[in-house]
Amino acid sequence: MKKLTLSLSLLAATGLLLAACSDDDTISNGPSEKAQVVANYADIVYQNYKDAYDDAVELETAINAFTAAPTAEKFAAAKTKWLDARETYGPTEAFRFANGPIDAEDGPEGLLNSWPLDEAYIDYVAGGTPTTGIINNTAEYPAITKQLLVTLNGADSEESVSVGYHAIEFLLWGQDLTAPAEDKPGLRSFEDYIDNGTTADNEARRRDYLNVCADLLTDHLDLMVQTWKPGGTYRSAFLRLNEDAALANILLGIITLSGSELPTERMSVALRNASQEDEHSCFSDNTHRDIALNLQGVINVYKGQYGNINGASLEDLITKANPTVAGTINSYVLSSTTKVSAILRPFDYAIAGGETSPEGIKVAAASSDIRSLSTQLLAGSAAIGITVNGIE
Amino acid sequence: MRHSFYVYGTMKKNVIACLLLLCAIATGCSKNEDGYVPLTAEDGEQFSGGSSTVINATQEAFGFASATLSENDKIDFGVGNSLFRQSWVSAPSSTTARDGLGPYYNAVSCSNCHFKDGRGRPPAFDGELGKGLLLRLSMSGQDATGGSLGDPIYGHQLQDNAINGPIIKGQIGITYQIITETFDDGTTVQLQKPIYHINNPGYGNLADGLLISPRIANQIVGLGLLEAVPQATILSFADENDNNGDGISGRANYVYDRESNSQKMGRFGWKANQPSVKQQVAAAFSGDMGITSYLFPTETCPPGVDCGAIPNGGSPEITDINFNSVVLYSQTLSVPVRRNYKEQNVLRGKQIFGDLNCIACHRSKMQTGNEHPISGMRNQTIRPYTDLLLHDMGPALADNAPDFLASGSEWRTPALWGMGLVNTVNGHTKLMHDGRANNVTEAILWHGGEAEQAKQNFKKLSAKDRDDLLAFLNSL
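Line order of the protein sequences matches chains S and W. Numbering-wise (this note's numbering), the first sequence opens with residue 781 and increments by one. Numbering-wise (this note's numbering), the second sequence opens with residue 7 and increments by one.
These are computed hints drawn from the structure, not numbers from a lab. Be aware that a few hints might be false.
To be verified - Straight-line alpha carbon distances no greater than 20 Å define the calculated EDC-like cross-link-like pairs of lysine to aspartate or glutamate that follow:
#1 K1119(S) x E77(W)
#2 K122(W) x E938(S)
#3 K348(W) x D149(W)
#4 K122(W) x E1041(S)
#5 K122(W) x D936(S)
Generate the whole structure from the sequences, applying the supplied hints.
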């Protein structure tokens, strides 16, 4: 590139121009409204991951207590802690698809929430040989260690999932072999974890596997806590981004989650196939919560509210720029939330009759509103001058 | 390394006003010094896929649905996406929607070879499976539809894997010959010419005179758009007898279309041997995974193996509804936006691309017609950098295996859009029909036949000009 020689006066003029061209609101007192929205988002992300981490610690405690001396009560307690842990993890999915650390190339998302999983990759399955899975493969995997399970995650294919929430879910509930109408989740026996039990082999290895997974879960969530905490690596980088770039990332995350991942991947596909295989939390029958929590995560980000946090938000920016669009967004927030609540529980029962069944129609209506919410969020982005995926 | 294009792209808006102003002042000074006039991009040229362009340059860049899809098509896309990624298993299985794999296969899922809708690569060592390469097999001669004849035992394709039970047909082995190319400025490049063997054939000897053609999996963006280009447009690019004397003689392939049981123009596949995305997908399900569909309802096995006796996943193994979803998915993946398209070095590279006449085959711009069943594909200005025609690429690249009208040394011009992101998506830059080129420079050096002159002129370029050309190609 040719070097341009500028005289001193020209350099001065340039300096003036560049100063004048820099972001609009820096002349006023304090950070701009956009910067406040970005900072508030960072607070929400950190707090949400922190809460998810704390719940995962409780889950690990419950699992360790169970494996130390397995009883039916402690098994039930561990399952309860798993369900509780999902309540805080679910909304964090609104931080995905945002060019952020959770799903960066070296990010932990695949180690936390991969699904669907190939059950036979981890353990025995009904109707299969009793010796499938890492747990029963004493020859190739003599010791169940953290490093082993992490290496094996995704080794063969996208479904060769060895760790994360759903691996733990499978270990706690087992396959859901009952008809959806019975409203029963998987009914794995806790005796799968008792030495010399009659229900399965390799009970000690299964205990180890469960403990290791619980340990890894907290490890991986802690990565997000550390990088998003005040002064954390990603938080610092995020706050240094040009504010429009940061907002574009935030919006990309919630628009993608509400535009395709949640309504299509997690609802429409399962509905069209009327298939339990495609249900997000198919072992515990907790999918209805996954759906509601993902949607809530999107809404939290939009409204700048989570727990005790209530600050500058995208809603504020968009309302100022275009109150009509903001109004439409809010009406879809309300209607999608209502329609999601109306879906029959458990989710595998709601989809069992397919797209034309009365319950299936409700699932389709909910997913349609979620998609409309995404479209309106995209319109809202345009209203505040942010381009998000797709052409200008 | 993650490409931080997106952040840069949105910063540009604020800064560009300043830079333009700065340039205006600065140009005022420098114009007198050397008369440098900046090159400008064409309006909208960064939207290579028209309204089906996505602004993303990450590992996910090839995986976005066209923004033009209707709600129902979005659902179909989602279903197709799941099917594309899921692993098929052998029958019988409790997962009835996805059983029927094999008996012979190259991969257990579409995404095995087209990972993240991207490009496959040849095996890194003999016996490495499922990374995106298959071998087409043929004998000289033609069948009733004008297609090539298969090996009497092994058929039209070597699948190097099989379900439990049947003996594997054979394994792919590769040896490499080194060919050294030298640029005018003295730089040398070592090209690797692969020579393919089939090791451990499981059902007896391969036929004498068997022709083996290795093919890697191509990235899948923009296929519906290519499908939507009117036949007349493609034919307008053709000059079979080189009437204009420029050394380029592109021509169309005409191939058998199963659905209509007639001959139609081919435009997909390395030799343009498939007339539609639908048939390409069906042929891949059948040949690469052993999954039957309504278009390819029959399993094929070597003589002596009773295909009918091997459990299958129903008839057909993929339902019409699911098959159609995969087709729609394959048609409507967005093309990633051009990166750095306004940079001076990229624009200089684009100029060089034209000066070398690469553009004669890698046509930059065309309109899609008004007929495509998916409305979002219609009436778009697209920039795929292909004429979709067959060209003789010379003896070094030849597989010597005719395919309908394509001769043993002809190949269809591949679209170049997305090429610059293959490394980000798939972690490699294996190019050409069998992935023999390790990067763009090698790919250009493999050009021969009608492209020989362009290749020779490329070798005469200065290092700086070559860099600019590469910058342009990497922006696609």
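Against the structure, the hints come out as follows:
no.	hint	verdict
1	K1119(S) x E77(W)	holds (18 Å)
2	K122(W) x E938(S)	holds (11 Å)
3	K348(W) x D149(W)	violated (50 Å)
4	K122(W) x E1041(S)	holds (15 Å)
5	K122(W) x D936(S)	holds (15 Å)
Of the numbered hints stated above, the single one contradicted by the structure is hint 3.
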